[in-house]
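The task is simple: from the sequences and hints, build the whole structure.
Numbers given in our numbering equal positions in the sequence shown, counted from 1, plus 4.
No wet-lab data here; the hints were simulated from the structure. Don't take each hint at face value.
As the list claims (entries may be wrong) - No farther apart than 30 Å at their CA atoms in a straight line, the calculated lysine-lysine pairs in the BS3-like style are these:
(1) Lys134 with Lys176
(2) Lys158 with Lys354
(3) Lys440 with Lys396
(4) Lys160 with Lys293
(5) Lys256 with Lys245
(6) Lys461 with Lys480
(7) Lys158 with Lys256
(8) Lys281 with Lys319
(9) Lys134 with Lys281
(10) Lys231 with Lys256
(11) Lys293 with Lys354
(12) Lys158 with Lys136
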Amino acid sequence: MDNDNKVNSTEVSVNQCHEEVLLFLQDEIKNLHKEDNVELYDLNTEYAKTKKNSSPLVFLILLGITLLVGGVSWGLSSWISKANENITVDWQDFNDLNLRNLLDTVSKAQTNYDSAVKNKVLITTEMETKIKQVTNQRDQDLFLIESLNLKNKKTKTERINAVNSSFNDQMKIIHDEYDLKLNEINTEIDEYKAQLAQFDSEKIESARAQEKALDSERQLQELERKKLVTEYETKLAALQKSLEDNQQNYYKELRESISQVKTEYQGEINSLDPIYKDSNADEIIASTKELEIEAYNAMQFIANNEISDEEMIAKLESMQQIYDNYQYLNSKLNTMTQKYSIPVYYNASKVLVDEMNSCATELIANLKESKENYQHEFDIKEEDYKIQLEEKNQDLANADIYYQSCIDQLMQTAKTSAILLCAESLEDISVYIAPKARYLIGDEGLNAEIKVGKTVKGRIYRNEDDTFRFEAERNKNDEIISFDLDSMVPGTVIKLLNK
5 MDNDNKVNST EVSVNQCHEE VLLFLQDEIK NLHKEDNVEL YDLNTEYAKT KKNSSPLVFL
65 ILLGITLLVG GVSWGLSSWI SKANENITVD WQDFNDLNLR NLLDTVSKAQ TNYDSAVKNK
125 VLITTEMETK IKQVTNQRDQ DLFLIESLNL KNKKTKTERI NAVNSSFNDQ MKIIHDEYDL
185 KLNEINTEID EYKAQLAQFD SEKIESARAQ EKALDSERQL QELERKKLVT EYETKLAALQ
245 KSLEDNQQNY YKELRESISQ VKTEYQGEIN SLDPIYKDSN ADEIIASTKE LEIEAYNAMQ
305 FIANNEISDE EMIAKLESMQ QIYDNYQYLN SKLNTMTQKY SIPVYYNASK VLVDEMNSCA
365 TELIANLKES KENYQHEFDI KEEDYKIQLE EKNQDLANAD IYYQSCIDQL MQTAKTSAIL
425 LCAESLEDIS VYIAPKARYL IGDEGLNAEI KVGKTVKGRI YRNEDDTFRF EAERNKNDEI
485 ISFDLDSMVP GTVIKLLNK
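Put into structure tokens, the structure is as follows:
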């Protein structure tokens, strides 16, 4: 098994460990045994040897030095004590020291107070400078708005309000930034002022008098420092004045430039967005404001009025296309930046066009209704006329029958088959042929003659409406042989010739 070689005990005896170490270090131990005869160093032995070399002279020297140092120390201490007992103290020296400390404290407080006052001046100057810049910018913007000559009061008021609102916001930012600083510096100044008020003025003046006597050099340096401060303050004031003058000159030149540009280009600017003054146009525009007319819609109009006439529908659709084109052009015009007369005229013209379309569609609707009414009346009258016409035709037919019957009786009495009806001209002569003889009239006609003083020869032809005409004979030049037309009266007998 794998556990047959397992060690039964994990404890190893000390002797066994010693034997193992000796086994491992046996070579080195052999070397040590070889060197057992080496002589070892012993400190106690060495000290015992040096004891024999000690001398009493060393102790005597050390004792003498100790006594000498002690005597010198005692002598110096006695001399210093006697000298201190003979020193005289003047109370005025302490007063001078206190005054000097007081003067230093006052000077420090005064310096802090002066520094705080200067900081306040700087903060106030910086705040006033920014306020002046913001105010100048506000005035400049308002001047520019006035220079634009805006006719729309609402637009002008909105721009002015925007400028004033921006000015108020900037002023609030400035005050929020500097009011806190001013409050802090004022509190600091009040504290230094209170410190200065606590000091005795007589002691301060005395200290300053002694300070002048004792420290003239420092006063000279202070005077030089104040002189330099004054010079730099003067230079700063001059620079500040120069800066303000430059700003004023800049704003002045800017206003002059704006005025000059306005004078040069105002006419051209006005022409880009003109204002028309026309009383007639104003009345028209005023009248359009009261109108509320829907946009033209041909399909809706056709559906609402049930128009079926194709020609009318085509015209209405054509009007719709024209109106759509007009609306498209007007939509482009409406995107332009004009604000005065042009937009007003545009809106009025659109209303007028819509009104015109409304009138046109109303007129078309009325025409359609009138046409339907007229058509209805026409249909009624047409029926009446047809009935009357049929009656008249019937009367005419009856009259024709009666007329022909009379003529036939006359022709039987006269024993003839043709008579003259009327002679309008030499070329227009109408004749009547008895029914029994009409078969004789073919396409080539039939020879005939009329006796009116003299015999007029010619031919009878059939007309397309089954009536008959007489054409007189012609000569070689194809001219009608003349005869007396007045002698041809209705009822004149016409003789038909078979050849």
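Against the structure, the hints come out as follows:
1. Distance check on the hinted pair: Lys134 and Lys176 sit about 12 Å apart at the alpha-carbon level, within 30 Å; holds.
2. Only pairs whose Cα atoms come within 30 Å are accepted, and Lys158 paired with Lys354 is accepted, the gap being roughly 24 Å.
3. Note on Lys440 and Lys396: the hinted pairing holds, with a Cα-Cα distance of about 27 Å set against a maximum of 30 Å.
4. Taken as a hint, the Lys160 and Lys293 pair is honoured in the structure, with Cα atoms around 24 Å apart against an allowance of 30 Å.
5. Between Lys256 and Lys245, the direct Cα distance comes to roughly 16 Å. Compliance with the 30 Å bound is thereby established for this hinted pair.
6. Taken as a hint, the Lys461 and Lys480 pair is honoured in the structure, with Cα atoms around 15 Å apart against an allowance of 30 Å.
7. With a C-alpha separation of about 29 Å, the suggested pairing of Lys158 with Lys256 holds against the 30 Å cut-off.
8. Our distance criterion of 30 Å between C-alpha atoms is broken by Lys281 and Lys319, whose separation comes to about 38 Å.
9. Between Lys134 and Lys281 the CA atoms are separated by roughly 46 Å; this puts the pair beyond 30 Å, and the hint is violated.
10. Among the hinted pairs, Lys231 with Lys256 is inconsistent with the structure: their alpha-carbon atoms are about 37 Å apart, more than 30 Å.
11. For the proposed pair Lys293 and Lys354, the alpha carbon gap of about 11 Å is at most 30 Å, so the pair holds.
12. Between Lys158 and Lys136 the CA atoms are separated by roughly 29 Å; this keeps the pair inside 30 Å, and the hint holds.
Checked against the numbered hints listed earlier, the structure breaks hints 8, 9 and 10; every other hint is satisfied.
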